[in-house]
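Protein chains: 2
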Amino acid sequence: MKLVNLLPWLSLVGAALCQTAWTLSLKLLRWSDLTTPQWPSAVGPLLGYIGFGIVNTILLAVAMRTITLTTTFAVWTALTLAFIKCVDVIWLQAGWSWTELAFLLLIAIGIVGLKVAAP
Amino acid sequence: MKLVNLLPWLSLVGAALCQTAWTLSLKLLRWSDLTTPQWPSAVGPLLGYIGFGIVNTILLAVAMRTITLTTTFAVWTALTLAFIKCVDVIWLQAGWSWTELAFLLLIAIGIVGLKVAAP
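For the protein sequence lines, the chains are X and U, in the order given. Under our numbering, the first sequence is numbered contiguously, ending at residue 119. Under our numbering, the second sequence is numbered contiguously, ending at residue 119.
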């Protein structure tokens with residue numbers, strides 16, 4: 001496979017990574033910190049929130065130009081979910097269970113299915 | 001169940017409703033109208049776009065503080081998609097199919113399951 005064919009897919013993976021980082025920034029963001037003397041600690045997440053949001057949109061737009069809209073959205077959502085779950089478990093020490101994973105899979109199938117079945 | 005336990009989930013549903021209203025505002029928005037003598041007709045959607053976007057982010061941040069990142073993202077995406085589908089069918093007279101309904105049901109089962117299985 002040529003590199004040029006791979007580019008939209010790499011953009012798609014990059015977009016999903018950005019969306020993961022964007023979600024994480026939102027979680028780490030403390031709006032109240034922005035008005036206190038400790039405000040510098042809130043600037044990192046705020047910049048991440050804005051920056052990852054913009055890069056995410058750009059990469060997604062690049063991917064959409066070549067890959068169909070449905071596929072782009074489905075893969076982007078599914079990848080983001082998977083990445084976020086990894087962050088949750090590895091970094092934020094959240095627990096996981098097979099039950100939870102099964103229900104997440106149901107939601108993922110529903111999201112992707114709904115997008116694919118759309119007329 | 002105490003109200004305090006329900007609050008993050010209510011925020012999550014509210015965030016999804018805002019995201020739906022935000023998407024709808026974007027659909028109704030005519031950027032070109034903003035530079036014509038008919039610009040007042042474009043102000044409503046523009047205000048909705050900005051307002052719902054902000055409230056959406058705040059409610060999402062509130063939900064994330066209690067619910068795990070993965071669950072928040074999955075439920076938010078899925079609910080938004082379901083709400084938009086409802087708006088499409090009821091308001092914008094779009095068609096619907098049993099296939100779509102089946103996928104919506106999968107999403108619903110997944111969300112309820114996650115809520116029940118949540119630690």
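Calculated directly from the structure, the hints in this document are not laboratory data. Any given hint could be a false lead.
For identical chains, the list gives no copy identity; a pair is met inside one copy or between any two copies.
As the list claims (entries may be wrong) - Result set (DSS-like, lysine-lysine): computed pairs, CA atoms no more than 30 Å apart in a straight line:
id : residue 1 : residue 2
1  : K27       : K85
2  : K27       : K115
3  : K115      : K85
Since we're looking at a predicted model, the values are computed, not measured.
These are the hints, each one checked on the structure:
1. K27 x K85: Cα proximity of K27 and K85: in one copy and across copies (14 Å, 28 Å).
2. K27 x K115: Close inside one copy (27 Å) and across copies (18 Å); limit 30 Å.
3. K115 x K85: both (22 Å within a copy, 10 Å between copies)
No hint from the list above goes unmet by this structure.
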